[in-house]
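Colleague: Sequence:
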Amino acid sequence: MEVLCSLYFLIITVTTGACDIVLNLTLREEEPVSTLVGNVASLSGLQKNMTPEVFQSLRYSFLDQAKTDDLFRIDNEAGDLLTNAVIDREKQCGFNQDCLFKFDVAAHSPVYSRFEILSVRVTLTDINDHMPTFPSSIVNKTLSESAVIGTTIQLDEALDLDSTSQNGIQSYTMITADSPFLFSATKTSEGVSLQLKLKSAINRENIDHYELIIVAVDGGSDPRTGSLTVNVEVADENDNSPQFYRDVYDVSLREDRDVGFQVIQLTATDKDIGANGQVAYKFNVRQSFLAEINEYFMINETTGKITLKNKLSQNTKKSFNITVDASDQGKPPKVSQCIVRVSIIDVENNKPVVRITLLSGSTGAISESSSVGTVIAHVTVEDSDSGSNGIVTCQIASDHFQLQTVLNRGYIVVISKALDRELSDNYNLSVECSDQGLPPLSTLSTIVVPIADVNDNAPLFYKTVYQASIRENNAFGDGVTQVLAKDRDLGQNSEIRYILPLESKEKLAINEDTGVITANYRFDRENESSYSLLVLAVDKGDPALTGTATIQLTVSDENDNKPTFTVPMFQFFVMENMGPQLKVGSLSASDLDEDDNQKILFDFHPNFKNLPSSQMPFEILPSGSISTRRDLDREDRNKYTFDIVAIDQGIPRLTSTSRVVVYVADQNDNKPFITFPLFSNQTVSVSQLAKIGTIVTQIRAYDLDETGPNSQLSYSILAGNEKDVFSIGETSGSIYLKRTYEITKNTPFKLRINVSDMNVSHMQSSFQDLTIVLTLPPPTPQVLEDGGTKNIIITVAVVILTIVLSAVIITVIIILRRNDQKLLQSKGQDNLVKTMYSVPPLDGCSPPSLDKSPSDKVTSIVDSPRKKKGVSFTFEEENTQIFYSDPMDQGQRGSGSYSRPDNSQILNSLFEDGLGRSQYKQQQDNMSDSSGEVTASDSGRGGSDLDLSMHLSKSDERHPRRTFKFRRNPDQGLHRNQYENINYVNTHDPRSDNQREAIPPRPPRLSCNSDNELLFHSEDSQTNPSYV
2 MEVLCSLYFL IITVTTGACD IVLNLTLREE EPVSTLVGNV ASLSGLQKNM
52 TPEVFQSLRY SFLDQAKTDD LFRIDNEAGD LLTNAVIDRE KQCGFNQDCL
102 FKFDVAAHSP VYSRFEILSV RVTLTDINDH MPTFPSSIVN KTLSESAVIG
152 TTIQLDEALD LDSTSQNGIQ SYTMITADSP FLFSATKTSE GVSLQLKLKS
202 AINRENIDHY ELIIVAVDGG SDPRTGSLTV NVEVADENDN SPQFYRDVYD
252 VSLREDRDVG FQVIQLTATD KDIGANGQVA YKFNVRQSFL AEINEYFMIN
302 ETTGKITLKN KLSQNTKKSF NITVDASDQG KPPKVSQCIV RVSIIDVENN
352 KPVVRITLLS GSTGAISESS SVGTVIAHVT VEDSDSGSNG IVTCQIASDH
402 FQLQTVLNRG YIVVISKALD RELSDNYNLS VECSDQGLPP LSTLSTIVVP
452 IADVNDNAPL FYKTVYQASI RENNAFGDGV TQVLAKDRDL GQNSEIRYIL
502 PLESKEKLAI NEDTGVITAN YRFDRENESS YSLLVLAVDK GDPALTGTAT
552 IQLTVSDEND NKPTFTVPMF QFFVMENMGP QLKVGSLSAS DLDEDDNQKI
602 LFDFHPNFKN LPSSQMPFEI LPSGSISTRR DLDREDRNKY TFDIVAIDQG
652 IPRLTSTSRV VVYVADQNDN KPFITFPLFS NQTVSVSQLA KIGTIVTQIR
702 AYDLDETGPN SQLSYSILAG NEKDVFSIGE TSGSIYLKRT YEITKNTPFK
752 LRINVSDMNV SHMQSSFQDL TIVLTLPPPT PQVLEDGGTK NIIITVAVVI
802 LTIVLSAVII TVIIILRRND QKLLQSKGQD NLVKTMYSVP PLDGCSPPSL
852 DKSPSDKVTS IVDSPRKKKG VSFTFEEENT QIFYSDPMDQ GQRGSGSYSR
902 PDNSQILNSL FEDGLGRSQY KQQQDNMSDS SGEVTASDSG RGGSDLDLSM
952 HLSKSDERHP RRTFKFRRNP DQGLHRNQYE NINYVNTHDP RSDNQREAIP
1002 PRPPRLSCNS DNELLFHSED SQTNPSYV
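According to my numbering, the sequence shown is numbered sequentially starting from 2.
Among these hints, one or two may not hold up.
[To be verified] Simulated pairs of lysine-lysine, BS3-like, Cα-Cα distance not exceeding 27 Å:
#, residue 1, residue 2
1, Lys103, Lys92
2, Lys306, Lys318
3, Lys332, Lys464
4, Lys746, Lys724
5, Lys600, Lys563
6, Lys584, Lys103
7, Lys332, Lys487
8, Lys640, Lys610
9, Lys506, Lys464
10, Lys640, Lys584
11, Lys283, Lys310
12, Lys600, Lys188
13, Lys541, Lys487
14, Lys724, Lys751
15, Lys272, Lys335
16, Lys508, Lys541
17, Lys672, Lys751
18, Lys142, Lys464
19, Lys103, Lys49
FYI, nobody ran anything at the bench for these hints, they're computed from the structure.
Please put together the full structure from these sequences, using the hints given.
Modeller: Printed below as a string of structure tokens:
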């Protein structure tokens, strides 16, 4: 005992000396390897609490090298904490504002018994080692010159990899001056919004490009910058009309000029670009004498060249005023005009007469599918001159046609190159014939050859892919989009009807004429959010040709789904006594919708909202995090149940409800409460003649903590048992007489009892004193010599009286047994049990399938008709056996034998002698100083005191389970419910602050087995039942 006490106080001293020493150090990131962070030896202050020799003998090392991540090392002797690597704050801590390394350093002396733990906290500070960087250093943007003032261009913000806000980006600036743009940087919830806003009108014809420089500046002591170049291209709009150099042109033309003669070259310019700047020329259709102008003149639409179309004659007008339109290709086009005044100069001449006749009939159209070599026209040449002046030769100026001579019949025109109406729907056929006079005269004859269309082009959609959207839960017939196609062919070949393939018709419907597509299906975005469908454009040619396009249909979301919790019910566990703001757990739910319809916030159900913390000790954040509002006490309440709601952010908002159950876990915060012994009742007595193994008394205690190690109790004797007279059951609390001890007078033993729970890490204990008085037996009466004769007479009388009483008792027993047999035959086993014990009959009993060892069983006190049965009780907790048997069985038992008394005598003697008079009498008078006195007789069993004591102690610890004992109820007779349970269980009434020892909350349940035995067990018992 002295050794144990010394070791106990040594441990307390070491623990008391080990106080928490916290060293807070600071280190800049990117410092080189072996940078000194600090000297933990000098900073710890340990030198103040020890001698220089002890302090110099200290050695330093990390307690857990894994926590330093190989970033630090420590000098074992000097205590210098050094960097072991170049530490990048952004790599270690990301963008967290605080970057802290926590680890413990052990300071121990191999010479002296000193050991200290130093808690080191190294704060890694950020340096400005990163510059702001834009996603791309150059950005190209396009803005129409017709953009209105206030039009914005969105730019991507820059990123600074430094982790602290001080070294992060602080400002943006546009350094480009004299630009029509204003720059703004606006802080939003998602970052910084960078915008260029148009502050004045722009004109591409003046400036078609702007280069803007945006600079991002961080907040370091030496600020670093990053730049973004924004190239804004000004897109052209058709805001300029073509312009001629002059409004009126005057030209003269000899009447003998040949066909094709260039009358004038017109030029108009347009400041726009692309199609907006392409100029086309034509004669104004609303001018006077348009027919005559078209007869003699023609204009090239591209070049603006006006040439002589037909030979002038003497009857031709002497002047022409030609109005020419110059139009660009914009939408809509812009037009300018000029006037060409042509004066005709009269000259006599005779030229060949050329006539071209098309062979295609009245329509004059040639099929574009005509093959090369096909004859399309005949050329007739007449010249009234003779000789060489009448010899005429002709030539054709065309890439698609050629002349072939027909002997004395003029010429034929044949196709020399395949025709394509889609490239040109007519061709100018010009034949020039010249005579051989001096000077030679020539005639140019031109005819327009129209090209007839063939269905050789399939319809072509304006877009190959149409992007369309529709809201889910739509109505049938809701518009989706409109598709348009064109066909380069003419007439019926270009007439288009729109149709949908069969697989597309399940979802959509289309108007064949307009291409308007409507919904033919109620879409559900949660089922499918997008579709890719085909649409066809079919012309009316023969054979019909088809073009295809794809419709990418996106189904936009409506808030038509409630949030769904991930589990049917949330269960959380939280430890008691952990204070407020302790996170209990997190709620989780999902919503099949998207965007705001999918965002979920959590809250209490209205029935549980705004309750005081005494009723609702929890709070719920919108994110679903549940935390405590106050301390929880499991002994006050061990479970909380409340309803919560999940609310999405759609319109209208939809909600779902679930239930949360929070279980409060136990801490070992209650000491065992000893109910016996008490200060007012702490004395019991036992006779010196009690046999070894007798139960002197039982320590009773309970613990309010939760069932388990926190409430499982262990009993021990700390002091007062130096003579080793008693032993205590570690789990039962029963105190046994361990050995015989010779006394000359009543001797008290004051024992110090310790009751501890079985929580190894945080054990709680209670102590109480118990005084056991070892008493002398009563003195033996002295026999007087002169009274011998009187004693003999008394003895003979007693023997005779005993024989008479025995005969009467035997007769009564025989009568009772015959009545019992008759009763068993008529009413069965249930009535037999009722007769034996005077308890209510058991309905629905069936033989249990339990394996019962002899130590678990007490046989019936009534012999069966076939075999005589004895009564035996086995108490596992005390491992004490008491047998009652018939004389026939005495030789087999090997223990004390008695004649069979009646039922009440057996039970009385069983509970008074077998369980120990000390316990029985304690229940009768537990306040007297002599309560618990035990007088035990020798059982006749062999074995030494030490053997029996050791056997009892080991048996107690091998069988920690509870058994049930019964005592006589003095308030009732020897009939119905005459015995009650005297076992104690650990209970606590939550409605009362008083701790108490209590009988189980309901009487033991009874059941019967195949041997007509009564089975008693408690509702809360987890041990094996006892049998009676």
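Colleague: Sort out whether Lys464 lies within 27 Å of Lys332, counting only the CA atoms.
Modeller: 19 Å, holds
Colleague: Take the C-alpha atoms of Lys103 and Lys49, compute the straight-line distance between them, and say whether it is at most 27 Å.
Modeller: Holds, because 25 Å separates the two Cα atoms, which is no more than 27 Å.
Colleague: Check whether the Cα positions of Lys306 and Lys318 lie no farther apart than 27 Å.
Modeller: With a Cα-Cα distance of about 21 Å, the restraint between Lys306 and Lys318 holds, given a limit of 27 Å.
Colleague: For the pair supplied as a hint, Lys103 and Lys92, is the alpha-carbon distance within the 27 Å limit?
Modeller: 17 Å, holds
Colleague: Next pair to validate is Lys541 with Lys487; report whether the Cα-Cα distance is within 27 Å.
Modeller: 13 Å, holds
Colleague: Does the structure keep Lys142 and Lys464 at a Cα separation of 27 Å or less?
Modeller: This hinted pair holds, its Cα atoms lying about 24 Å apart.
Colleague: For Lys506 and Lys464, compute the direct alpha-carbon distance and say whether it is at most 27 Å.
Modeller: Holds - the C-alpha atoms of Lys464 and Lys506 are around 20 Å apart, at most 27 Å.
Colleague: Tell me if the straight-line CA distance from Lys600 to Lys563 falls inside 27 Å.
Modeller: Judged against 27 Å, a Cα distance of about 11 Å means the pair holds.
Colleague: Would you check the hint for Lys600 and Lys188, treating anything up to 27 Å between C-alpha atoms as holding?
Modeller: Judged against 27 Å, a Cα distance of about 23 Å means the pair holds.
Colleague: Please verify whether Lys283 and Lys310 have alpha carbons no more than 27 Å apart.
Modeller: 14 Å, holds
Colleague: Check the hint pairing Lys272 with Lys335 against an upper bound of 27 Å on the C-alpha distance.
Modeller: Given pair Lys272, Lys335 holds - Cα atoms ~12 Å apart, limit 27 Å.
Colleague: Decide if the proposed pair is consistent with the structure: Lys640 and Lys584, CA atoms, cutoff 27 Å inclusive.
Modeller: Holds. Lys640 to Lys584 sits at ~16 Å (cutoff 27 Å).
When the structure is compared with the earlier hints, no violation turns up for any of them.
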